[in-house]
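> Chain residues, written in single-letter form:
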Amino acid sequence: MARIEDMPEGLAKHMRHLPLPEFPETPYVSGPPVAERRVALVSTAGLSMRGEAPFGMGGADYRVIPGDAGPGDIVMSHISVNYDRTGYQRDWNVVLPLDRLREMAVDGAIGSVADHHYSFMGATDPAEMESAAKDIAGHMAAEGVDAVLLLPV
Amino acid sequence: MSALAHYFETAGIPTTLSALVREHAEAMHPPRALAVPFELGRPLGAPEDAAFQRRVITAALALLERPSGPILEDYPEDAPADGAASEADEGWACPVSFAQPKADAPKTLAARLQAEVAQMKPWHEAWKRRKGFSGIGAAGAEVEALADYLGQFADGADVSPPVAAAQPADGMKLAINDLMTFYQEAANAQPGTAGGIQQISDWFWTETVAGEVLLAARKVSKTGDDKRVAFVLDRLALPHIAAAHDR
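Those protein sequences? They're chains A and W, same order as listed.
Start counting the first sequence at 1; every next residue gets the next number (the numbering used here).
Start counting the second sequence at 1001; every next residue gets the next number (the numbering used here).
Extracted from the complex, chain A is given alone in its bound form (with noise of 0.2 Å):
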């Protein structure tokens, strides 16, 4: 579905043009099973908690989500409209999905939930996006996070 061939032409275009960081090379950090981890999310959806200032044009900030957070507590506010809503607007965990994670940790299938998650706003440059990263990065291990679910939108 989200192949680039499959898009509408205007879409596509947009997508093939879109100018990606070059890494030459992919860093790899191993952990204990994912049964012993401690999960956090990073959404690109432009999810920020209501009433807190939403995303604009061109932001590369970032926005934390407390890991007790329930979908009423959080807004959308991507400036795409080039991507469906409606599955977000219905059920929040096909974006975001703390529902499942904290199921997870119950079960045993992951070791904890993280007590803070984070959100970007996708249609911006991801090289503006580094100091943030690593801002992040700084908080994730300070609350002992050893594995991060990027969904994009």
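No lab work stands behind these hints: they were computed from the structure.
The structure displayed is predicted, hence computed values, not measured ones.
The beta carbon of each residue, even a glycine, is placed where N, CA and C say it ideally should be.
Hints may contain errors.
Unchecked claim - Label pairs and their computed distance ranges (CB to CB): (1) W:A1062 <-> A:P24: 26 to 32 Å; (2) W:D1078 <-> A:G144: 32 to 38 Å; (3) W:E1048 <-> A:S30: 34 to 40 Å; (4) W:K1121 <-> A:G108: 43 to 49 Å; (5) W:A1051 <-> A:G70: 19 to 25 Å.
Dock chain W against the given chain A, drawing on the hints supplied.
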């Protein structure tokens, strides 16, 4: 998303990701990526299907236990068809039948949009009762105020967005964001709703006054002084899939 994976991993935090655009993951080779065959906007594939979501999460997290990378693996399971797919052949039609304006009816887009918003309101209320909340709120204003602003703008009036935003363009974008959320949620509440991007988008852009207002606002903005507002309406309000609906 793949770039963020590089940044986190470089900082010592292991990552895995659901890659909606396989080509981008191929180009950026993040440490671990699960290429998923899902619609943009649905990184776990299926709303209201906990078992499906969990299988995708489990597959993505399992990549963390591999000894080395980069890993780009295809997730083998398509998302189950929801209403969108099952009714795609016939084309979903919003059961609300919008009355055509009568000869003596108000002709301004602003007035017509307010009338339509009022007609959609009971469905939006039904959605809020079902979910317990609404996703509207980024703009921080009532939908009627947002509709009034957008309608008047499309009618050519010199109006400011009823939104606390740094610039009019940001206010315009947030007003559109919440108005579209209102329509999508209301459509979601209706019986037999498709719930897919194609059907609801087609309906919004071809049948609603709201779609007509945004297309008219786009034209108006092209002759206005604020180029950022024009950019929002030209590039950030009209999805590529709706370009064909320009009317």
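> Work down the list of hints and note, for each, if the structure agrees.
A quick look at each hint next to the structure:
| no. | hint | verdict |
| --- | --- | --- |
| 1 | W:A1062 <-> A:P24: 26 to 32 Å | holds (27 Å) |
| 2 | W:D1078 <-> A:G144: 32 to 38 Å | holds (36 Å) |
| 3 | W:E1048 <-> A:S30: 34 to 40 Å | holds (35 Å) |
| 4 | W:K1121 <-> A:G108: 43 to 49 Å | holds (46 Å) |
| 5 | W:A1051 <-> A:G70: 19 to 25 Å | holds (21 Å) |
Violated hints are absent here; each numbered hint is respected by the structure.
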